[in-house]
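2 protein chains.
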Amino acid sequence: MLSAIPSQAAPNQTAHVAMTDLVLPIDMKTSVPGPRSVEMLEQLRKIGSDAGGAVKFCCDFAQSKGNYLVDADGNRMLDLFGHISSIPIGYNHPAMEAAHKSDLMRHISLNRAALGMMPPVDWAEHVQEALMSIAPQDMHKVQTMACGSCANENAFKAAFIAYRAAQRAAEDRQALEFVQEEMSSCMMNEGPGAANDLVILSFEGSFHGRTIGALSATRSKAIHKLDVPALQWPTAPFPRLTYPLEENVAVNAVEEKRCLSKVQKTMEAQHAAGRPVAAVIVEPIQSEGGDFHATAAFFRGLQELCRQYSAAFIVDEVQTGMGASGHMWAFEHWGLESPPDFVTFSKKAQTAGYFYTDRFASNAPYRIFNTWMGDPAKVLLCGVVGSTIKDENLLETVRDAGNALMTAILEGQARYPKAISNVRGLGTLCSFDCTFGGAFRDSVVDELRNRGCIVGACGDTSVRFRPPLICTRAHIEQFSPVFHATLAELVPIHEKTH
Amino acid sequence: MLSAIPSQAAPNQTAHVAMTDLVLPIDMKTSVPGPRSVEMLEQLRKIGSDAGGAVKFCCDFAQSKGNYLVDADGNRMLDLFGHISSIPIGYNHPAMEAAHKSDLMRHISLNRAALGMMPPVDWAEHVQEALMSIAPQDMHKVQTMACGSCANENAFKAAFIAYRAAQRAAEDRQALEFVQEEMSSCMMNEGPGAANDLVILSFEGSFHGRTIGALSATRSKAIHKLDVPALQWPTAPFPRLTYPLEENVAVNAVEEKRCLSKVQKTMEAQHAAGRPVAAVIVEPIQSEGGDFHATAAFFRGLQELCRQYSAAFIVDEVQTGMGASGHMWAFEHWGLESPPDFVTFSKKAQTAGYFYTDRFASNAPYRIFNTWMGDPAKVLLCGVVGSTIKDENLLETVRDAGNALMTAILEGQARYPKAISNVRGLGTLCSFDCTFGGAFRDSVVDELRNRGCIVGACGDTSVRFRPPLICTRAHIEQFSPVFHATLAELVPIHEKTH
Numbered sequence: 001m002l003s004a005i006p007s008q009a010a011p012n013q014t015a016h017v018a019m020t021d022l023v024l025p026i027d028m029k030t031s032v033p034g035p036r037s038v039e040m041l042e043q044l045r046k047i048g049s050d051a052g053g054a055v056k057f058c059c060d061f062a063q064s065k066g067n068y069l070v071d072a073d074g075n076r077m078l079d080l081f082g083h084i085s086s087i088p089i090g091y092n093h094p095a096m097e098a099a100h101k102s103d104l105m106r107h108i109s110l111n112r113a114a115l116g117m118m119p120p121v122d123w124a125e126h127v128q129e130a131l132m133s134i135a136p137q138d139m140h141k142v143q144t145m146a147c148g149s150c151a152n153e154n155a156f157k158a159a160f161i162a163y164r165a166a167q168r169a170a171e172d173r174q175a176l177e178f179v180q181e182e183m184s185s186c187m188m189n190e191g192p193g194a195a196n197d198l199v200i201l202s203f204e205g206s207f208h209g210r211t212i213g214a215l216s217a218t219r220s221k222a223i224h225k226l227d228v229p230a231l232q233w234p235t236a237p238f239p240r241l242t243y244p245l246e247e248n249v250a251v252n253a254v255e256e257k258r259c260l261s262k263v264q265k266t267m268e269a270q271h272a273a274g275r276p277v278a279a280v281i282v283e284p285i286q287s288e289g290g291d292f293h294a295t296a297a298f299f300r301g302l303q304e305l306c307r308q309y310s311a312a313f314i315v316d317e318v319q320t321g322m323g324a325s326g327h328m329w330a331f332e333h334w335g336l337e338s339p340p341d342f343v344t345f346s347k348k349a350q351t352a353g354y355f356y357t358d359r360f361a362s363n364a365p366y367r368i369f370n371t372w373m374g375d376p377a378k379v380l381l382c383g384v385v386g387s388t389i390k391d392e393n394l395l396e397t398v399r400d401a402g403n404a405l406m407t408a409i410l411e412g413q414a415r416y417p418k419a420i421s422n423v424r425g426l427g428t429l430c431s432f433d434c435t436f437g438g439a440f441r442d443s444v445v446d447e448l449r450n451r452g453c454i455v456g457a458c459g460d461t462s463v464r465f466r467p468p469l470i471c472t473r474a475h476i477e478q479f480s481p482v483f484h485a486t487l488a489e490l491v492p493i494h495e496k497t498h
Numbered sequence: 001m002l003s004a005i006p007s008q009a010a011p012n013q014t015a016h017v018a019m020t021d022l023v024l025p026i027d028m029k030t031s032v033p034g035p036r037s038v039e040m041l042e043q044l045r046k047i048g049s050d051a052g053g054a055v056k057f058c059c060d061f062a063q064s065k066g067n068y069l070v071d072a073d074g075n076r077m078l079d080l081f082g083h084i085s086s087i088p089i090g091y092n093h094p095a096m097e098a099a100h101k102s103d104l105m106r107h108i109s110l111n112r113a114a115l116g117m118m119p120p121v122d123w124a125e126h127v128q129e130a131l132m133s134i135a136p137q138d139m140h141k142v143q144t145m146a147c148g149s150c151a152n153e154n155a156f157k158a159a160f161i162a163y164r165a166a167q168r169a170a171e172d173r174q175a176l177e178f179v180q181e182e183m184s185s186c187m188m189n190e191g192p193g194a195a196n197d198l199v200i201l202s203f204e205g206s207f208h209g210r211t212i213g214a215l216s217a218t219r220s221k222a223i224h225k226l227d228v229p230a231l232q233w234p235t236a237p238f239p240r241l242t243y244p245l246e247e248n249v250a251v252n253a254v255e256e257k258r259c260l261s262k263v264q265k266t267m268e269a270q271h272a273a274g275r276p277v278a279a280v281i282v283e284p285i286q287s288e289g290g291d292f293h294a295t296a297a298f299f300r301g302l303q304e305l306c307r308q309y310s311a312a313f314i315v316d317e318v319q320t321g322m323g324a325s326g327h328m329w330a331f332e333h334w335g336l337e338s339p340p341d342f343v344t345f346s347k348k349a350q351t352a353g354y355f356y357t358d359r360f361a362s363n364a365p366y367r368i369f370n371t372w373m374g375d376p377a378k379v380l381l382c383g384v385v386g387s388t389i390k391d392e393n394l395l396e397t398v399r400d401a402g403n404a405l406m407t408a409i410l411e412g413q414a415r416y417p418k419a420i421s422n423v424r425g426l427g428t429l430c431s432f433d434c435t436f437g438g439a440f441r442d443s444v445v446d447e448l449r450n451r452g453c454i455v456g457a458c459g460d461t462s463v464r465f466r467p468p469l470i471c472t473r474a475h476i477e478q479f480s481p482v483f484h485a486t487l488a489e490l491v492p493i494h495e496k497t498h
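Same order as they appear, the protein sequences are chains A and B. Our numbering numbers the first residue of the first sequence as 1 and each following residue consecutively. Our numbering numbers the first residue of the second sequence as 1 and each following residue consecutively.
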């Protein structure tokens, strides 16, 4: 089943093979980082571009293909993390290569437009093709941005602006009928002009980005937040489900009810304190924070609370969107009767931005605005991703690969029930907890990588999978023995010390 | 002198002409926006991608070349605004085209790396070539980011982290020796873990971006800030110089002293209130806010105050950097004895980011971090810009074109002394005020565009110029008669109503 292509085949000889069918041998020449990567990391450190030591190794993209990342030392690894979920359809997908070589891409890449003032010709068509073609049902508008943090920050701003417009309407004022006190106070960062009495509600364990506004909503880990100022915004607990789900329906229902009740109490208290919640932001799966899931009932209840308290309902699909859940957008699993108010995206979309409903349309120029407003070249790439998902039926591939991945992890759990717990997944957004703790988790991630499988860490003790959408059952079958061998090596060591 | 190339020449026939030597006739077929642009704007409005009405017209990049932008209706305009200062070396520069066609660019564009974890091979070399080669003197480190707002926000974060590290050092604690109260309070957005007692000082009239942290430092216009929450950060006045400078040396010295004195009082008051200033951020020219300049003495005094109060000195060169001042960085005009602590960049650099001094090096992973940490493809383009500036001696071109532009504007002022005032410039970063007010200013900008010259508005009554670096004296000579004809038409009308 493996090795459709001999390992010595040069990448260009494999161009005719569909990325889903490309199964190459894992080929490890060194541990990771190998000597060439180590040398490069030192050079990066010297010029302050090593992310404070976060850089792990360097990638040889010229040699990488499909589901396989080749590093600077020539190690070919099965990549189930995809640059923190940023590789949508595998390395060097032919459709992406073709798009890069087009005249359109060249003109758009080399002449960086101020999209909010002077976009390229046919820009509406490109946005339509790339983004509106994959828009969630009943969401008719989209705003592009450069990164996930900016997408969330601007969704916040749009929500604040709309909330204030509603407050003015209640005072028989137009949305843009600012009083002098608003005009002058905002310039001093003070209310009523600055909406310092409006807040964003986010969840414990959430991750929504790292600029100061986005970071104020982020509640993942202390190291992400320490020493940075934050806005006085409230938080509520996100469900911590008990697994397996089938055996814990009642207890999980109680847990979700507890969380929704806390949300309601918080919204009520904020309202009573004159600091109402302008928007609630939530991830379909809390990813960076530890891959925590909730049921459709929880999210439906949350949307209902937003409606009751006139708060915008922002679904942060930066990590979960673009097909990885088996639907184009993970929230489509929830069966909502009406769409969220905002759906933010980035990563696999290559461009960032947000879909939004009509009532949040900008009511004046230069409010939701910046010089670039995203990058049109990335919007074109997003179009390639979207059409490839459709053309290659990748949502079906994701569902199948996700099932295979869940089976592989559950087999690991069956063999090592003390080491592996809380196996969970939606599409290929799968994860498990390392019951022996963070040090064991880290050793699992490192050892898997040294054996040629790249996975990610999240939360305190979790391992997460974020493969590209072209990852198939065959790739998971390649992962499975590596996973079991890794556990066979590490579990006995940690069992002794645990 | 004009028309080195006949107007009917196709762009590809002009490829052998240096961008600086390419002088084409202005060729207007319609007013702007013409019918094709209007149609596209309506399509953009329907899908909510028209920036609330800020979009003015659409660009045909395939037909644009050098200093000339062709719009959707086939109007060829001399572009002296360059997409809000984002076009560095003209449209479709051959060096940019060559870079786009390289294998390296293709691999880097199609496989979007998480630069803080798994950068491409030779990434340190590329950063060295593209960014460290143009780094300000004595600044040895650089951090890439995706946009100017993110560059400023992360410089703020790095400044906060360093300030806290110094506070811990004063308590005999290591920078990363967090106490439990810090760890837990930051998760609630509260101090001491969240640095809510530290502030950024920025200037009245400044513009530093639009994410919530950046926007808290921005003090340009109410419409940029209204209805968005802001951090309780202080502000101080930025000099408002009197022109011409040669005749107002004494009065301007008094004005700058007044502003520095206010800065000092604010820093002292913040310190006394236990809310010290962790960083001061300043633009070399307040651009969006109205193109306000200050002298080298002011900035040297500001750096000295930062030193006295242990505040980081952040110079925001997002709009002024990359050669437009006639130096690579505008602050090089100040004759500082030591570099600023941070120099942020974006726009003409194509990538965003900041240079920083060694003492602000990240002290742990995942503090200054996000998934993409910029875009390596844009870093490669920045390298092309930097090498082209050197190879084509563009700093000299900028100085010469800047002199010509100042002369052209001053001639306009000499003819219409009641209409034009405060003519000012540094390199091609030139501007003037429209004494008859904002409506007159807007009509000047519109009429110039309809006559084939694109300029920008800023502040309440100012017109600013931000041409690409390949703009020459010959291009300015093309602008000059259009400018005079525009004034000849508009001034008499506004003189009557004024």
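Among the hints, erroneous ones may be present.
No copy labels: a pair is met if it fits in one copy or bridges any two.
Heads up, simulated SDA-like pairs for lysine to any residue below, C-alpha to C-alpha not over 20 Å straight-line [as the list claims (entries may be wrong)]:
1) Lys101 <-> Gln63
2) Lys46 <-> Ala364
3) Lys418 <-> Val23
4) Lys257 <-> Pro492
5) Lys257 <-> Leu245
6) Lys496 <-> Met406
7) Lys418 <-> Gly301
8) Lys101 <-> Ala62
9) Lys496 <-> Glu97
10) Lys221 <-> Gly274
11) Lys265 <-> Tyr309
12) Lys46 <-> Met406
13) Lys221 <-> Pro192
14) Lys496 <-> Glu190
15) Lys262 <-> Ala62
Worth flagging that the hints you see were computed from the coordinates, not collected in a lab. Fair warning: this is a prediction, and the values are worked out from it, not measured in the lab.
Mind listing which of the numbered hints don't hold for this structure, in increasing order? 3, 4, 6, 7, 9, 10, 12, 14 and 15
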